[in-house]
Each structure stands twice: as structure tokens, then as C-alpha cells.
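**Student:** Residues per chain are reported as follows:
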Amino acid sequence: MSADRDVVVIGGGHNGLITAFYLARAGLKPVVLEARSIVGGMAVTEELCPGFRCPTLAHAGGPIRAEIVRDMALEQHGLRMTQPSVRMTAISPGGEAIAIYDDPARTAQQLAARSQRDANSFTHFQVVLGRLGNVFRHLAASTPPEIDSPSKDDLLRGIATGRMVRRLGRQDMHRLLRWAPMPIADLMDEWFENPLLKATIAARAIFGCSAGPRSPSTANLLLLRCADDPNVVGPSAFAVGGAGALTQAMAKAVVAAGCTIRTNAEVAGIDVEDGRVKGVHLTNGEEIAARTVVSNADPVRTLLSLLDPVNLSPSFLQRVQQYRSKGVVAKLNLALDGLPTFGALEQSKVDGDAYSGRIHIGPSMNYIERAFDASKYGDFSPEPYLEVMLPTVTDPSLAPAGKHILSIYAQFAPYKLRTGTWDTRAAELAECIVSTLAKYAPDLPNHIIHQQVITPADIETTYGATGGHIFHGELTIDQSFTMRPLLGWARYRTPIPGLYMCGSGTHPGSGLTGASGANAAREILKDLR
Amino acid sequence: MSNRPASQKYDVIVIGGGHNGLVNAAYLGRAGKRTIVLERRHVLGGAAVTEEIFPGFKFSVCSYVVSLLRPEIIRDLDLPRHGLEILPLDGTFTPMPNGDYLWRVNDHAKTRQEIARHSRVDAEAYEEFGKAMLQMCKFVKPILAMTPPDPTTLNPRDLIKLLFLGRRFQGLSSDDKYNQVQLMTMSAVDYLDQWFETDVLKATMSASGIIGTFLGIRSPGTAYVLLHHYMGEIDGAFRAWGFARGGTGAISNAIADAAREAGVEIRTRAGIARILVNKGTAVGVVLENGDEIYGNVVSSSVDPHLTFLKMLEPDQLPDEFLSGVKRYKFRGSSAKVNFALDALPNFSCLPGPGAHLRGAISISPSVDYMERAYDDAKYGEYSKRPYIDMVIPSLTDPSVAPPGKHVMSCFVQYAPYHLSSSNWDEKKEAFGDMVVQTLSEYAPNFTNLVIGRQVVTPLDLEREWGLTEGNIFQGELSLEQLFFLRPVPGWANYRTPIKNLYMCGSATHPGGGIMGAPGRLAATEILKDWKA
Numbered sequence: 001m002s003a004d005r006d007v008v009v010i011g012g013g014h015n016g017l018i019t020a021f022y023l024a025r026a027g028l029k030p031v032v033l034e035a036r037s038i039v040g041g042m043a044v045t046e047e048l049c050p051g052f053r054c055p056t057l058a059h060a061g062g063p064i065r066a067e068i069v070r071d072m073a074l075e076q077h078g079l080r081m082t083q084p085s086v087r088m089t090a091i092s093p094g095g096e097a098i099a100i101y102d103d104p105a106r107t108a109q110q111l112a113a114r115s116q117r118d119a120n121s122f123t124h125f126q127v128v129l130g131r132l133g134n135v136f137r138h139l140a141a142s143t144p145p146e147i148d149s150p151s152k153d154d155l156l157r158g159i160a161t162g163r164m165v166r167r168l169g170r171q172d173m174h175r176l177l178r179w180a181p182m183p184i185a186d187l188m189d190e191w192f193e194n195p196l197l198k199a200t201i202a203a204r205a206i207f208g209c210s211a212g213p214r215s216p217s218t219a220n221l222l223l224l225r226c227a228d229d230p231n232v233v234g235p236s237a238f239a240v241g242g243a244g245a246l247t248q249a250m251a252k253a254v255v256a257a258g259c260t261i262r263t264n265a266e267v268a269g270i271d272v273e274d275g276r277v278k279g280v281h282l283t284n285g286e287e288i289a290a291r292t293v294v295s296n297a298d299p300v301r302t303l304l305s306l307l308d309p310v311n312l313s314p315s316f317l318q319r320v321q322q323y324r325s326k327g328v329v330a331k332l333n334l335a336l337d338g339l340p341t342f343g344a345l346e347q348s349k350v351d352g353d354a355y356s357g358r359i360h361i362g363p364s365m366n367y368i369e370r371a372f373d374a375s376k377y378g379d380f381s382p383e384p385y386l387e388v389m390l391p392t393v394t395d396p397s398l399a400p401a402g403k404h405i406l407s408i409y410a411q412f413a414p415y416k417l418r419t420g421t422w423d424t425r426a427a428e429l430a431e432c433i434v435s436t437l438a439k440y441a442p443d444l445p446n447h448i449i450h451q452q453v454i455t456p457a458d459i460e461t462t463y464g465a466t467g468g469h470i471f472h473g474e475l476t477i478d479q480s481f482t483m484r485p486l487l488g489w490a491r492y493r494t495p496i497p498g499l500y501m502c503g504s505g506t507h508p509g510s511g512l513t514g515a516s517g518a519n520a521a522r523e524i525l526k527d528l529r
Numbered sequence: 001m002s003n004r005p006a007s008q009k010y011d012v013i014v015i016g017g018g019h020n021g022l023v024n025a026a027y028l029g030r031a032g033k034r035t036i037v038l039e040r041r042h043v044l045g046g047a048a049v050t051e052e053i054f055p056g057f058k059f060s061v062c063s064y065v066v067s068l069l070r071p072e073i074i075r076d077l078d079l080p081r082h083g084l085e086i087l088p089l090d091g092t093f094t095p096m097p098n099g100d101y102l103w104r105v106n107d108h109a110k111t112r113q114e115i116a117r118h119s120r121v122d123a124e125a126y127e128e129f130g131k132a133m134l135q136m137c138k139f140v141k142p143i144l145a146m147t148p149p150d151p152t153t154l155n156p157r158d159l160i161k162l163l164f165l166g167r168r169f170q171g172l173s174s175d176d177k178y179n180q181v182q183l184m185t186m187s188a189v190d191y192l193d194q195w196f197e198t199d200v201l202k203a204t205m206s207a208s209g210i211i212g213t214f215l216g217i218r219s220p221g222t223a224y225v226l227l228h229h230y231m232g233e234i235d236g237a238f239r240a241w242g243f244a245r246g247g248t249g250a251i252s253n254a255i256a257d258a259a260r261e262a263g264v265e266i267r268t269r270a271g272i273a274r275i276l277v278n279k280g281t282a283v284g285v286v287l288e289n290g291d292e293i294y295g296n297v298v299s300s301s302v303d304p305h306l307t308f309l310k311m312l313e314p315d316q317l318p319d320e321f322l323s324g325v326k327r328y329k330f331r332g333s334s335a336k337v338n339f340a341l342d343a344l345p346n347f348s349c350l351p352g353p354g355a356h357l358r359g360a361i362s363i364s365p366s367v368d369y370m371e372r373a374y375d376d377a378k379y380g381e382y383s384k385r386p387y388i389d390m391v392i393p394s395l396t397d398p399s400v401a402p403p404g405k406h407v408m409s410c411f412v413q414y415a416p417y418h419l420s421s422s423n424w425d426e427k428k429e430a431f432g433d434m435v436v437q438t439l440s441e442y443a444p445n446f447t448n449l450v451i452g453r454q455v456v457t458p459l460d461l462e463r464e465w466g467l468t469e470g471n472i473f474q475g476e477l478s479l480e481q482l483f484f485l486r487p488v489p490g491w492a493n494y495r496t497p498i499k500n501l502y503m504c505g506s507a508t509h510p511g512g513g514i515m516g517a518p519g520r521l522a523a524t525e526i527l528k529d530w531k532a
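Taken in order, these protein sequences are the chains called A and B. In case it helps, the working numbering puts the first sequence at residues 1 to 529. In case it helps, the working numbering puts the second sequence at residues 1 to 532.
Misleading hints may appear alongside valid ones.
Every beta carbon over 12 Å from chain B, so not counted as near; a handful from chain A, in silico [to be verified]:
| # | residue |
| --- | --- |
| 1 | V31 |
| 2 | M173 |
| 3 | P396 |
In silico negatives: residues of chain A with every beta carbon more than 10 Å from chain B [what the hints assert, rightly or not]:
| # | residue |
| --- | --- |
| 4 | R114 |
| 5 | G130 |
| 6 | A141 |
| 7 | R157 |
| 8 | I159 |
| 9 | P181 |
| 10 | H281 |
| 11 | T283 |
| 12 | A289 |
| 13 | E369 |
| 14 | R425 |
| 15 | V434 |
| 16 | L487 |
| 17 | G488 |
| 18 | L525 |
Here are the simulated distance ranges between beta carbons [as the list claims (entries may be wrong)]:
| # | chain 1 | residue 1 | chain 2 | residue 2 | range |
| --- | --- | --- | --- | --- | --- |
| 19 | B | E124 | A | G420 | 30 to 36 Å |
| 20 | B | K141 | A | R131 | 32 to 38 Å |
| 21 | B | Y379 | A | N134 | 57 to 63 Å |
The set of hints was computed from the structure by calculation and includes no laboratory data. From a predicted model like this one, the values you see are computed outputs, not experimental measurements. Don't be surprised by glycine CBs; every beta carbon is placed ideally from N, CA and C.
When you get a sec, could you build the whole thing from the sequences and use the hints?
**Tutor:** Below, the structure is given as C-alpha cells:
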């Protein structure tokens with residue numbers, strides 16, 4: 001039996017660390033309990049094979065909100081971010097390449113060589129995204145309002161949001177209303193003509209989600225993701241040392257603020273007494289008492305497996321069971337004995353170092369849509385959409401000299417296979433990813449020294465994410481904002497007093513930004529005061 | 001000015017004699033406005049029309065069932081007196097390839113028993129589902145009878161409506177709020193997954209969520225349309241569907257009759273070439289034969305594409321509006337195949353004639369079947385095995401076929417207007433053959449029964465009925481084209497940037513189906529401006 005704690009944070013993912021930090025800064029003494037031997041959740045750098053270190057899941061991302069980076073003084077704790085000038089290069093099997101630069105003007109300039117119309121549209125689109133993204137930025141940093149009985153604070157915030165929206169002007173307001181429910185494919189058709197460009201931007205709106213570019217409301221997700229970075233393809237900010245370097249810096253900040261971090265401390269259950277949270281117990285039987293428990297685990301895991309269902313009402317339980325979190329993403333990490341040659345990157349003299357940014361494989365809307373189709377019937381895509389990165393180009397220290405790692409997100413790989421299981425089919429998936437990529441970089445297979453394939457089943461078992469969903473649940477409109485994770489429970493609280501959630505399954509919930517963790521801390525502190 | 005003598009002056013000119021145009025005219029006529037309806041075809045009714053394609057066989061060529069027709073319109077226009085008689089259409093019969101079937105009827109106890117045959121849990125849930133839907137329909141109903149507010153203005157009239165909607169939503173119970181929000185945003189299948197486990201039940205129920213859209217049953221937003229189709233009410237009874245005696249055209253004829261009684265003049269074979277505009281104000285129309293007709297108000301029931309891109313010049317409209325019209329999505333996705341039959345089809349899973357043939361027969365055997373049908377369409381092919389919703393109206397109304405013979409009406413989806421590797425003129429008959437073949441997989445005698453066949457492709461709907469890209473609802477019923485966004489954001493109140501030009505067709509709120517609400521709401525707005 002350990003000493004009583006005022007706050008226990010279940011899970012040391014980035015959101016858990018951020019919540020712990022803010023609580024510590026307010027004078028509390030939280031303990032972070034992490035099941036694995038390292039903190040960081042899905043943002044970790046681990047040894048792939050001797051001499052090779054790899055961002056196991058997240059490879060680029062975020063960006064972590066600037067105020068969080070500042071508050072946690074992450075740079076003082078060793079974080080160094082680099083932003084390659086080429087954020088993403090989209091390539092086609094025919095050798096076409098479009099680079100999306102850090103600087104939109106440069107992207108437009110490049111597009112103009114193919115289509116002046118696209119170049120003009122791109123500049124305009126980027127500006128509109130920036131404006132609309134600002135509104136989403138404001139929303140992402142706010143706690144969603146109480147639906148049944150809005151408080152004075154909710155009304156004031158509602159008015160502030162309303163003012164902000166009004167300032168957009170009528171045309172942008174109409175855009176906001178019309179775009180949100182649209183399929184991203186239709187939005188792209190309204191703006192652009194180049195199929196590769198359209199597919200590249202569309203991919204950002206479906207990444208990690210069980211949706212194709214023709215699925216309605218995917219445009220909403222593009223807007224939501226623009227809250228943190230309005231660049232059409234999102235950030236390529238890369239932590240030197242891999243994504244794990246980011247969470248390691250966070251861990252240092254957390255400890256410096258007065259928290260305790262315990263690794264290899266897997267929580268088996270949340271203890272409730274008289275309807276109020278009492279603490280947690282670990283898989284080794286150890287009990288830790290606490291007045292406040294914050295779960296960085298996903299909502300389904302938190303509410304259905306860590307909590308005894310008798311503590312929840314049947315209708316609430318049913319809603320949690322209906323929460324959709326069936327992942328569709330797999331990861332393949334390769335150790336290479338040399339840099340593979342991407343034909344399109346070589347031929348098309350992309351201005352800047354294309355190998356340093358992310359590489360998009362998904363040359364047309366139909367290609368991505370077909371990749372999605374397979375997953376609807378319980379199979380992985382025969383030709384998946386891939387997001388590829390070579391972290392060693394930016395940070396050679398991750399591999400022995402001259403050697404590289406290739407980090408590949410592959411979509412769609414449904415959590416539930418109709419034929420076989422992931423145990424029996426993981427190798428087949430890896431083969432499929434490599435052969436897809438070999439169409440763009442024919443020499444790739446010859447360079448592979450070692451491979452690690454991470455299926456949705458692995459994401460569930462290793463990282464605890466129910467259904468293997470990297471965002472802790474689908475980001476459709478019905479699971480966003482006031483409805484994330486459930487309508488009426490979007491304010492980081494749960495029906496059990498003292499139990500909170502701070503992970504990606506809460507608003508805004510999209511990626512490595514830290515907004516969920518920071519918002520949750522704010523609400524917890526409100527209650528504790 | 002034309003030197004033709006045939007220049008006439010009216011209060012209101014209604015373009016198009018479809019059911020919405022006629023409803024619009026009838027209300028305006030009743031308000032004492034001198035109104036004329038101009039229809040391009042030889043017959044009134046637009047897509048709500050009965051035509052004798054083969055001697056003795058009367059087809060409801062396009063629209064074939066009725067349920068959404070607003071009760072206040074039936075009442076106001078006294079349609080039963082004008083010959084409207086709705087005959088009940090009882091049940092939905094879904095044959096399955098494994099020899100089983102699902103047969104839901106209006107009798108709750110029977111349906112419960114039938115569903116229990118597939119799943120006891122679902123039988124229980126079906127009751128609950130019905131209750132929840134009823135609550136949702138009650139919430140949505142007033143919205144159907146409301147001119148959409150524009151949430152981007154500070155106009156008090158709009159703000160009051162928004163407040164009304166907000167209050168109504170606040171007034172819902174917590175469970176109903178949850179249901180409502182889910183219905184507005186989820187896919188039909190995701191929504192139904194929460195209620196049911198029987199695949200065929202989910203497949204056949206979700207079918208109503210995709211009718212007339214270019215979406216699949218797994219596409220977010222389709223759950224809402226599920227409600228749209230649940231909303232049908234006849235004589236106040238929710239969820240009842242029916243036929244009009246004499247075919248769907250009888251509805252249009254009854255409305256036309258009511259309009260004529262109210263003093264409305266109706267002309268057929270009077271296609272419009274152009275809308276006359278003088279200094280930003282609509283002043284009349286020019287017919288295809290060159291005749292000019294003048295009016296204080298022009299009310300167009302044809303779709304925005306025809307109204308703004310064909311009947312007007314681009315320089316007469318503001319750029320933003322024009323691009324809104326160009327962006328408006330039609331993308332017809334369905335076709336009709338009408339059959340003259342020698343005898344009734346015999347379904348292997350439930351042989352012989354019987355009550356199951358008197359309702360709707362739905363080819364929607366599984367969720368995957370429906371989704372694969374959509375997948376074909378996404379890539380510009382018609383479904384190899386489509387969703388088919390068919391009815392045999394001659395069983396209920398023998399007047400539409402010769403004695404002992406039958407007419408069968410098949411609504412077929414997906415039949416995308418844009419085919420990637422061919423065109424509808426070439427594929428029309430192959431498509432008809434595919435439908436026959438699909439049906440004979442469930443009713444093997446079907447092939448031998450066909451005496452006559454009429455295939456109505458999306459291209460036919462466009463050419464013959466003026467429905468751009470063959471969309472039966474004059475534009476997709478997708479979330480971004482509903483309510484205050486229909487047809488163009490900022491222009492959902494039936495008005496247009498051209499003064500005295502109004503829209504009153506299915507391309508305006510609340511959209512398609514034989515509902516009549518757009519025609520009625522537009523008339524209300526026209527009269528409001530008239531007084532002002």
C-alpha cells in the first residue's frame with residue numbers, strides 16, 4: 001500500500017503528461033502510472049533493431065500547442081524541433097511529384113507550372129483555411145458547453161465564439177456551415193483540378209479514420225486539423241531524436257514540476273466507493289488511494305474495463321458500448337542499409353530536400369477510396385494509402401552512418417479482419433505495404449535489414465487503445481466537440497465524481513496537439529477549487 | 001418589346017407544372033392572385049405523373065408512392081374532393097438469397113413476430129426504435145413547415161426562428177437530444193447498428209436513407225434521411241405509405257383541379273426559353289415558341305440549374321450566387337424500370353400470390369449488398385446488383401392494368417448519371433436486362449412474365465422531365481444542401497438575387513419527394529413580400 005495521492009493519472013501518453021504537469025503547477029502532487037517501461041504513449045522512440053532507433057508510431061505530428069511548449073519549457077528540457085522546408089511530397093507511379101512547402105507561396109509557384117488555376121486556388125484556399133482554422137483553434141482550446149443546462153461561462157464562451165464567427169463575414173460563415181458536412185473529395189473538386197494535389201490534401205481529412213474521401217463530413221476533419229496548423233498537409237515538425245524526444249522532454253518537465261512518474265505500473269482497475277472515486281489498483285495488486293483519478297486511456301477502456309460497470313447506469317453503459325473506435329491504421333517500420341531511390345523524387349527535381357519531409361502515396365481520389373472500400377468488408381487494402389517518412393534524413397543519429405529508417409503509416413487495415421486474424425496476417429500486410437511502396441522506389445526491398453509491423457491488434461495490446469484506434473475513437477461529427485466522447489459528457493468529467501478523462505477520446509481529440517490534456521487539467525482544477 | 005399580339009399580364013407566372021408548381025399556384029390563386037402555370041410537357045405533374053406507356057397499362061412513370069404529402073396541403077386544397085384517394089401500401093417484403101425473407105407489415109404484433117424469427121432482441125428493439133423515431137419526427141415536423149432562417153444574418157425574423165429551434169432542442173429529453181444529434185450526423189448503418197443485430201433488417205431499413213442520394217448506407221448523414229422517409233404521414237398516421245388511385249399522376253391532377261378552381265390558368269406544351277428581367281427585376285417569361293408572358297412575379301419550380309443557368313444570363317446574377325448554383329450538386333443516382341406483366345411474380349422464398357406482394361418489395365438482402373451497390377456507382381458504373389424498391393400497384397388499384405395483368409414499378413439505385421466508360425443511350429437496355437436478371441434471382445418466373453418494359457435512366461429524367469443530371473429531388477439531399485443551405489447558402493428563403501423571381505421546387509427546403517412543402521412555403525413568402 002503506497003501513500004495516498006491527491007491525483008492519479010492513468011497512462012503516461014502526451015495528454016496524461018500534460019494534464020499531470022498543469023495539475024502539479026497548481027500545487028497538486030500527481031502520480032503518473034504508465035503500464036509500459038517508457039512513457040510517451042504513441043509518441044515514443046524505441047530501438048527497432050541494434051543501432052536503429054525509430055519513432056514507433058507517431059513520426060511527425062502535432063504541433064503541440066505553443067502555449068503548452070512554453071508552459072512546460074520543453075526546450076529547456078531538451079526538445080529540439082526541426083521543420084523541413086518540404087512538408088510533404090506527393091508522388092505518382094508515373095513519376096509526377098508535387099511538393100507542399102512550408103511556405104504556401106512556394107507551393108503555389110510550383111503548382112503554377114502545371115496549372116495557373118490551381119496555383120491561384122491554392123493561395124486562396126490556404127488563406128481561407130487559415131481563417132476558418134482560427135475558429136477551430138478557439139473551439140479546440142475551449143471546453144465544450146454543457147448541453148442540458150448551459151452555465152454562465154458556457155454562454156459567455158458561446159458569445160465569444162459567435163463574435164469570432166461573425167467577424168469571418170458572411171461568405172466564410174457560409175463556407176463554415178457548408179463545408180463541415182461535406183465529403184473532402186467534393187470540396188477538393190470545387191477548388192482544384194490536379195488529381196494528385198486533390199488526393200494529397202484529402203488524405204489529411206481521412207488519416208486515421210474509418211472514412212474515404214467520399215465520406216460526408218470528412219471536410220470537417222480537415223478544418224479541425226487546421227486548428228493547429230493550417231498548412232493543407234499539416235505539420236512535418238520533427239523532434240530531433242524522434243517523437244519520443246518530445247514526450248521525454250515532457251516527462252522531465254512533469255517531474256520538475258513535482259509529479260512522480262511510475263513506469264511498469266499497469267492499472268488494473270479504478271476503485272469506487274459510495275459512488276465516488278477512491279483510487280486505483282495495479283495489476284500487481286498494489287492499491288493507490290486518490291481523491292482524483294484522471295484517465296489518459298480511451299473512453300471505452302476507462303469506462304468499460306477499468307471501471308466496474310455496476311457503477312454506471314445502463315443507458316450510459318450502452319452509449320459507451322456504441323462509441324466507435326475500430327482502428328484502420330497499421331504501421332510498418334523498416335531498418336534500411338541505404339537510402340531507397342524514389343523515382344518521382346529523382347526525376348522531378350523538387351526544389352528543396354524532398355526526402356526530409358513526409359511522402360504521400362495515394363495518387364488519386366479513387367485510389368484512396370478503393371483502399372477504404374476493402375476495409376468496409378473486413379480486409380486490408382490491396383493497395384494501401386501510405387504516409388512515409390525517413391526520419392534519419394533529418395536526424396542521422398537515429399541509425400548507423402549511411403543507414404536509414406523508413407517509417408510508414410498504412411491505411412486501411414481494419415481492426416477486425418473477416419478472414420484470419422492479425423496474428424496470422426501481419427506478415428502478409430507488411431509484404432503488401434512493401435510491394436506497394438516498391439512501385440515508387442523499386443530498390444526498396446533490397447535495402448531492408450529489419451522490419452517491424454504494428455497492426456491495429458498490436459496498437460490495442462501494446463498501447464491500450466481499444467480497437468487499435470490511434471485517435472481513441474472515430475472523429476466523425478457525432479463523436480466530436482460536445483459529443484466527444486458522448487453527448488453531455490464532453491467536459492472531461494464522467495458520471496463518477498472524481499474520475500476524469502484527458503485523452504484523445506475527449507475534445508478536440510485530434511492528434512499530437514496536447515489540447516485534450518490541457519483542457520482537462522483546467523476543468524479538474526475548477527472542480528478542486 | 002415584341003410586336004407579337006400575344007402579350008399577357010399576370011400577377012404570378014409559375015414555371016413548371018410539377019406538383020410543387022401546382023401547389024404554389026393553387027395557394028397563390030386562392031389568395032386572389034391571377035396566376036398562370038406553364039408546363040413544357042404535354043401532361044402535368046412533372047415527375048408525379050401517370051402515363052399509359054403500353055395500351056391498358058398505366059405507369060406511375062417516375063415517382064410511385066406517396067407518404068410525405070403535407071396534410072395541411074391536402075386539407076387546404078381539399079384534395080379528396082378533387083379526386084385524390086390514397087390507397088394503403090402495407091408492408092415491406094425483403095426476399096433473401098438464402099431462401100429466407102423478412103416481411104414487415106403495419107400490424108406491429110405481426111412484425112414483431114416476424115422479426116423475432118430472425119432475432120428476439122431485435123423484436124424488442126424494434127418497438128423502442130419506433131417510439132424514438134416518432135419523437136424525432138415530432139421534433140423535425142415543424143422544421144418542414146418553416147422557411148429556413150439564415151444563421152449568418154442578424155435579421156430579427158431569422159434570429160427568432162433560430163431561437164425557436166434552439167429552445168425546441170433544449171426542450172427535448174436527454175435521450176431524445178442524443179437520438180436527434182446522432183440522426184443528424186451518423187450513417188444509417190452506424191445508427192441502426194446501435195439498435196439491431198439482424199443484417200437484413202438493417203439493410204432494408206437503411207435503404208430509405210440513401211434514396212435519391214449519391215451516398216451509401218455507411219455514409220455519414222444518411223441516418224437523417226432515414227427519418228425523412230419515416231416522416232410520411234397520411235391522415236396524421238406516421239409512417240404510412242400509399243398509392244394514389246389511378247397512379248401518382250392522380251395527385252398532380254387533383255392539385256391542378258384545385259388550382260383551376262381557385263382561378264389558376266394552366267397551360268401545357270408551354271416550355272420557357274428565358275426569364276425576362278428588367279433592371280434586376282423579373283417581369284415575365286419568353287416561351288420556346290417566342291410568346292412573351294408578363295407577370296409581377298415569376299415563381300420557378302424547375303431546378304436552379306435550369307432557372308439560373310439556362311433561363312437567365314450569367315451577367316444578371318451576382319458572382320457569388322452564380323458559383324453557388326454551379327456548385328450545387330445534382331448527381332442523379334437512380335433509375336426507374338416499369339414493367340407490364342402477364343401475371344404476378346413468384347418469389348422462391350415465399351411462393352404464390354399473397355399479401356406480401358401488395359406492399360413494397362425490397363431487394364436489399366444485406367448491408368454489404370447495399371454498400372457494394374454504392375461502390376460500383378462511386379467509380380461511375382451502375383450497380384452490378386442494385387438496390388431495388390418495387391411495388392405492384394395493380395394489386396391494390398386494378399384500374400391501372402387490364403384484367404388479370406399487372407404493372408410493376410421498380411426504383412433502382414445506383415444508376416449514376418455520369419458513367420465512366422459509356423453513356424446511358426448505349427447502356428439503357430443492358431441496364432433493364434440487369435434489373436430483370438436481378439429480380440429473377442429471387443422470382444425465377446419473372447423473365448417470362450414481362451410483356452412490356454420501360455427503362456427511365458437518369459439521362460431520360462433530365463431530357464424528358466428537366467431534372468438536371470437526373471436527380472429525382474432536384475439536387476442531392478446531403479447535409480450541406482439541406483435547410484438553410486438549400487439550394488445556395490443565404491438564399492434558402494425561396495427568394496433569389498433577382499427581385500420578384502422566386503424558387504418553389506424541390507431544390508428548396510425541405511426538398512424532394514411528393515411533399516408539396518416547397519410550393520406552399522414559397523407561396524407564403526411571395527404573399528408576404530406582396531403585402532410589404
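**Student:** If a hint holds in the structure, say so; if it does not, say that too.
**Tutor:** Taking the hints in turn, this is what the structure says about them:
Every CB of chain B lies more than 12 Å from the CB of V31/A, the least distance being 35 Å, so the non-interface label holds. With 12 Å as the threshold on Cβ separation, the claim that M173/A sits away from chain B is violated: the shortest Cβ distance comes to roughly 4 Å. Separation of P396/A from chain B is adequate, the least Cβ-Cβ distance of about 44 Å exceeding the 12 Å criterion. With a minimum CB-CB distance of about 23 Å to chain B, R114/A clears the 10 Å threshold, and the non-interface call stands.
Consistency note on G130/A: stated as away from chain B, and its beta-carbon is indeed over 10 Å from all of that chain's, at 20 Å minimum. Against chain B, the non-interface label of A141/A holds: every CB pair exceeds 10 Å, the least being about 23 Å. At roughly 16 Å, the least C-beta separation between R157/A and chain B is larger than 10 Å, which holds for a residue marked as non-interface. Even its closest Cβ contact with chain B, about 14 Å, leaves I159/A beyond 10 Å, as expected for a residue assigned away from the interface.
The claim that P181/A is not at the interface with chain B is violated, since a C-beta of that chain comes within 10 Å of its own (minimum 3 Å). Even its closest Cβ contact with chain B, about 32 Å, leaves H281/A beyond 10 Å, as expected for a residue assigned away from the interface. At roughly 32 Å from the closest C-beta of chain B, the C-beta of T283/A stays outside 10 Å, upholding its exclusion from the interface. Annotated as non-interface, A289/A keeps its C-beta farther than 10 Å from every C-beta of chain B; the closest such distance is 33 Å.
The non-interface label for E369/A is inconsistent with chain B: the shortest C-beta to C-beta separation is roughly 6 Å, within 10 Å. For R425/A, the condition that its CB be more than 10 Å from all CB atoms of chain B holds, with the nearest at approximately 20 Å. The beta carbon of V434/A is kept farther than 10 Å from every beta carbon of chain B, the shortest such distance being approximately 27 Å. For L487/A, the requirement that its beta carbon stay farther than 10 Å from each beta carbon of chain B is not met, with the minimum near 5 Å.
In this structure G488/A is not separated from chain B by more than 10 Å, as the shortest Cβ-Cβ distance comes to only about 6 Å. Listed as outside the interface, L525/A is consistent with that label: its C-beta sits roughly 27 Å from the nearest C-beta of chain B, beyond the 10 Å cut-off. Evaluation of the 30 to 36 Å hint for E124/B and G420/A yields a pass: the beta carbon distance comes to about 34 Å. Evaluation of the 32 to 38 Å hint for K141/B and R131/A yields a pass: the beta carbon distance comes to about 37 Å.
With their beta carbons about 37 Å apart, Y379/B and N134/A fall outside the hinted range of 57 to 63 Å.
Going down the numbered hints, you'll see the structure goes against 2, 9, 13, 16, 17, 21, while the others check out.
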